[in-house]
Amino acid sequence: RRGAIKHHKVHEVKGHRFVAKFFRQPTFCAFCKDFLWGFGKQGYQCQSCQTAVHKKCHDKFLGKCPGSGREFKIDVPHRFKVHNFMSPTFCDHCGSLLYGLFRQGLKCEENGHRISSGTQSDLIVVDQPKEILATKQVADEETENVVNVTQSEALDILLSETENEVTTTTPEPTPSPEHTPSIKFVSLTNKQEKPETVNKRPKNRDEECAIKRVSDNVRTPVEKSLLQRRNTLKRLRRNSRDLEAVLLDVSDHESPVPSINAGPSPMSAGSVSSAQTDSSPADSTPIISTPAVGKYTVEDFQFLKVLGKGSFGKVLLAELKGTECYYAIKCLKKDVVLEDDDVECTLIERKVLALGTKHPYLCHLFCTFQTESHLFFVMEYLNGGDLMFHIQQSGRFPEPRARFYAAEIVSGLKFLHKKGVVYRDLKLDNILLDFDGHVRIADFGMCKLQIYLDRTADTFCGTPDYMAPEIIKGLKYNQCVDWWSFGILLYEMLIGQSPFSGCDEDDLFWSICNEQPHFPRFLSREANSILSLLLEKDSSKRLGTSECTAGDVVDQPFFRNMNWNALERRELEPPFKPRVQHPLDVQYFDKAFTAERAKLTPVEKDILQSMDQTQFQGFSYTNPNATD
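Numbered per the UniProt record's numbering, the sequence shown finishes at 628, counting up by one with no gaps.
Hints may be right or wrong, so weigh each one.
[Unchecked claim] Below are the SDA-like pairs computed for lysine to any residue, each with C-alpha atoms no more than 25 Å apart in a straight line: (1) K591 to Q393; (2) K418 to E571; (3) K358 to L449; (4) K55 to D34; (5) K358 to L567; (6) K351 to D504; (7) K414 to P624; (8) K81 to Q50; (9) K309 to G385; (10) K305 to T371; (11) K107 to F85; (12) K418 to K476; (13) K305 to L567; (14) K414 to L600; (15) K577 to G395; (16) K305 to T323.
In short, the hints are calculated from the structure, not lab data.
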C-alpha cells in the first residue's frame, strides 16, 4: 500500500523554497521584523532553512538560502556567542520564540537560535530592508557601474513586486578596472551628509562589511526592533483571553442545516436487508434508511473499532446510539488539515460524497459534523474490505471477476466525469466492497471540481504508482488521468502486479514516462487490447477521451457480454460475496488497526486556541438523500 501525495505550491526566491505555513506559536518575519498576524496560514516558511516571512515580503527577501548553490556576494560572517536573554526574545531567522531561562540562544549583531546558527545566512548581519537594492542581479558581471538612488526611490523599489526595477539618476560612468561598483543613497535633507555605500566586491575580509551609518533615521537600531517585539508579545498576552472567547464563540455558530422529517425505522448498513434484496429492479438502491435528524454530534455515536489509520486521522466503526445502524466515521484533525492547507479539499470531499449518494457504485455520505478539534465524515459501513486486501489474498483475479469490478468502476467514473469531477486517486485501496459484493469508490479527498470542456488542472497529486505521465511532467490535464489510473488498476487485477516499478520514486516516474508495460501470454486478446488503449502515454489518444479512435470504454470487446442497463440497476450477481457473519465482523480489515482501542487522538490546548475555526463554518451537514 502506498499513500497518495500532493505537492504544495512552492515559491522559489533566491534558492528559498517558500510554502504557506501555519505557525503554532508567535512568530516574526525575518525580513521586516513585524509579527506574523492572522489565522490559518499566517506566512511563508522555507522548506530548507526554515526562514519565516510574510507573504508580502517573501519575494523581497535579500539573502540566498544556505541550502542553495551560490549565495549573495555580501558575506559577513557571524560572531555568535551564547547569550542570556533577560526578556522574551524571538529568533531573527525563523521568527519563533527562544525558550528557556538561561543561555536560550546565540547572539551576534541580531538574535539567533542556537539550533539555527548553522543554517542562518551570513547576510542577516545587515539590515535587509535597507539593503534591498543590493539584490539587483547584474546580467554581465564584467560591466561595472555606479548607480545613485535617492531614498524615496529605494522605498519604491522595496515596495515593488519585482526587485529588478531600479531607477538611475545619473548616467553610467566610463568603466575602469580599478573602480569598485557601488550603490549610493543620496539624502533628501538639506544637511550635507556622506552617502552610505555597500561594496559589492570587497578586496579582503576586513572590507567585506563596508557599511556606514548616516543617521538613526536611515537605519533602525536593533534595540528598537527588540522593543517592538516585546510590546507585541505583551499585547498578545493581554488579549489572549478575549481571543479565546472569540474562537469559542465562532465554533458554536455553524451554518444552518436543513431540517429533515422523521422517516421509517433504520436498517443496518452492515447487514443484509431482505427489503433490499427482494425489491424490484427499478427500486433497487444501496441507500439505507436511517433516522432523520437535523443535526448530529459526536455524542450521538458510540465508537466500536478502528478500521484504518493514517496521517490525516482515523476511520472508526461506530453505532448510532439507540439504533442498530453502523457507520464508518472518518475523523480528521483540524490542526493537520490547516497545516497541510487542506481545508478546501475537505469541503470538496464533502460535496462529492453528498453527490455520490445518487449513484450505486459511489460511497454514500450520511452526515458531517465537527468538534473544536476534529472533523467527522459519517459514511456507510462497507464491511467487505478493499480490493487491495482481496488481491493480496488471491494473487490476481480471474478475468470474469476483474471484468465485473471494472464495469462497476467505469460506471462510477463516468458519473463523476459527467458532473465535472476529476477523481485523481483511483487505486485498489480506494475500491471497497459492500456486503453484497458490489464495489464502491471511496475517498474523494483528491478530487478536482468544475472540469468541463476546455478547463484543466495542473496540481501534482495522486498515488505514485497510478500517476499519469502528464501529471509527472507537470502538464495540464483533465479526466483522462482517471482512465490511465483505471488501466493500472485493471492491469493489477488481471496480472497481480503493477505494470511499472522502480527502486525509488524518481525511478518509478521515469519508468511510467518512458517504458512500455509487459503483457503476459495468459491474457486474453480483449484484455490485452483494452490495457494497451488505457495505458497510452499520449493523453489525446487514450481510451476514454473523445479523440480516441477506438470508441468508448463500454464499447470495447473486453465488455462485449456486459449488460450495462442491468449493471446500473444492480441486477447482476457479483462473482464474490463477502462471508460476513454479523455487522461487527471486521475480518476484511487489517488486524493491526482493529485491535486498537477506538478513541480520538487529543489535540493540545494551545493549538486549539491558535486555530481559526471560521474556516470550517458550514461543514456540518446532513444528507437529505441518505434519509427517507
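Hint check:
no.	hint	result
1	K591 to Q393	holds, 14 Å
2	K418 to E571	holds, 23 Å
3	K358 to L449	holds, 17 Å
4	K55 to D34	holds, 12 Å
5	K358 to L567	holds, 15 Å
6	K351 to D504	violated, 35 Å
7	K414 to P624	holds, 23 Å
8	K81 to Q50	holds, 21 Å
9	K309 to G385	holds, 15 Å
10	K305 to T371	holds, 20 Å
11	K107 to F85	holds, 9 Å
12	K418 to K476	holds, 19 Å
13	K305 to L567	violated, 33 Å
14	K414 to L600	violated, 36 Å
15	K577 to G395	holds, 18 Å
16	K305 to T323	holds, 17 Å
Going through the hint list in order, the structure does not satisfy hints 6, 13, 14.
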